[in-house]
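Given only the sequences and the hints, what does the whole structure look like? Please build it.
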Amino acid sequence: MNPHVLIILLSSLGLGTTLTFASSHWLLAWMGLEINTLAIIPLMAQHHHPRAVEATTKYFLTQATAAATMLFASTTNAWITGEWSITHLSHPLPITLITLALALKIGLAPLHFWLPEVLQGLDLTTGLILSTWQKLAPLALLMQIAPITQPTLLTTLGITSALIGGWGGLNQTQLRKILAYSSIAHLGWMIIILQLAPNLTLLALGTYILMTSTAFLTFKMTTSMKINTLALSWSKTPTLMTTATLTMLSLGGLPPLTGFTPKWLILQELTKQELPIPATIMALTALLNLYFYLRLCYSMALTISPNTNFATTPWRLPPTKTTLLTASTTSMTLMLLPLTPLMLALTL
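Position 153 of the sequence shown, counting from 1, maps to 153 under the UniProt record's numbering, and the rest follow consecutively.
Think of the hints as simulated: they come from the structure by calculation, not from any bench.
In this text, a Cβ means the ideal position worked out from N, Cα and C, and glycines have one as well.
Fair warning: there could be bad hints in the mix.
Unchecked claim - For each label pair, taking beta carbons as the anchor points, the in silico distance ranges come out as:
{"id": "1", "residue 1": "F113", "residue 2": "V53", "range": "17 to 25 Å"}
{"id": "2", "residue 1": "P255", "residue 2": "L324", "range": "26 to 34 Å"}
{"id": "3", "residue 1": "N199", "residue 2": "M335", "range": "17 to 25 Å"}
{"id": "4", "residue 1": "L6", "residue 2": "E274", "range": "49 to 57 Å"}
{"id": "5", "residue 1": "P151", "residue 2": "T81", "range": "15 to 23 Å"}
{"id": "6", "residue 1": "L10", "residue 2": "W79", "range": "33 to 41 Å"}
{"id": "7", "residue 1": "E274", "residue 2": "D123", "range": "20 to 28 Å"}
{"id": "8", "residue 1": "S235", "residue 2": "K272", "range": "44 to 52 Å"}
{"id": "9", "residue 1": "Q273", "residue 2": "A68", "range": "31 to 39 Å"}
Here is the structure:
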């Protein structure tokens, strides 16, 4: 892609998200989300592969549906109350519609069906943008309307997303689909605590972005798309595979890695609020996630010679890509747990 076009598209991505962050009016927020969607579509379709075009079309249709629903709900709210302000929602119908529209935008279960299919059709760099940056604007709007949203709706979305994210990833062999279901599960953890402790949602979002960036950058460096292609990476890049294994365990939420921080604090908060059943369900869904991360760890760390591997091993050239970004995100993914009090203080 032409570098000038790329700069314009990335600037538009930043502009759309910033516009939504800064807006207190539903029309401006909607405009920011639309700029965001239109800026990422050329990035998704840039390879002109039928799979990429299909993924782009699916993404456009789902995002357009969510944006139309949101616009309809905010117009209905203006009709009922005479207010376009984001925080002035008083009728349950527009509140529920807007929450579901934003849930569709970020891929919360049961409105998640587009996310694994779309992510599977993209390259790893665009997939990283879709999994991290594209979640920010809708989550900012959800955080603003969380105090007036039905608690039952948020809890249901959170538990369903954690369950679907765990179950959906169990039988996947494609890394991008595994990361998509991982994204759904992590979003479930963010949403369930959104009304009770928004600072924990911010903390979970920050750690999720760090860990997912590390996973995508590692797979990009080893040019891996399936579990099978990870199988013989150990002998070629042992250090990278060691850190990648720990990154997967961090995504699963094992102590003493960074990924344990948000899960621990969210479960603690749910218990404090006397919600033992949601806390128990969320803790059990973490085990489902941990299982498919362990599958990846097994492929990366335990399938070394003389084990027989029936997969076609890709030709591996010495890596020439810059590794600074991967190294820094990996360090933060593995070693931030002792800084939990500081991170909590920063997100308050």
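Hints versus structure:
For the pair F113 and V53, the beta carbons lie near 19 Å from each other, so the given range of 17 to 25 Å is met. At roughly 28 Å, the beta-carbon separation of P255 and L324 lies within the given 26 to 34 Å, and the hint holds. Between N199 and M335 the beta carbon distance is about 22 Å. The supplied range of 17 to 25 Å therefore holds. Distance hint check: the CB atoms of L6 and E274 are about 51 Å apart, consistent with the given range 49 to 57 Å.
Under the hint 15 to 23 Å, the C-beta atoms of P151 and T81, about 22 Å apart, fit the expected range. A beta carbon spacing of about 37 Å between L10 and W79 agrees with the range 33 to 41 Å that was offered as a hint. For the pair E274 and D123, the supplied restraint of 20 to 28 Å is violated, since their beta-carbon distance comes to about 46 Å. Take S235 and K272: their Cβ atoms lie about 48 Å apart, and the range 44 to 52 Å holds.
Against the hinted window of 31 to 39 Å, the Cβ-Cβ separation of Q273 and A68 comes to about 35 Å, which satisfies the hint.
In the structure shown, a violation is registered for the earlier hint numbered 7 alone.
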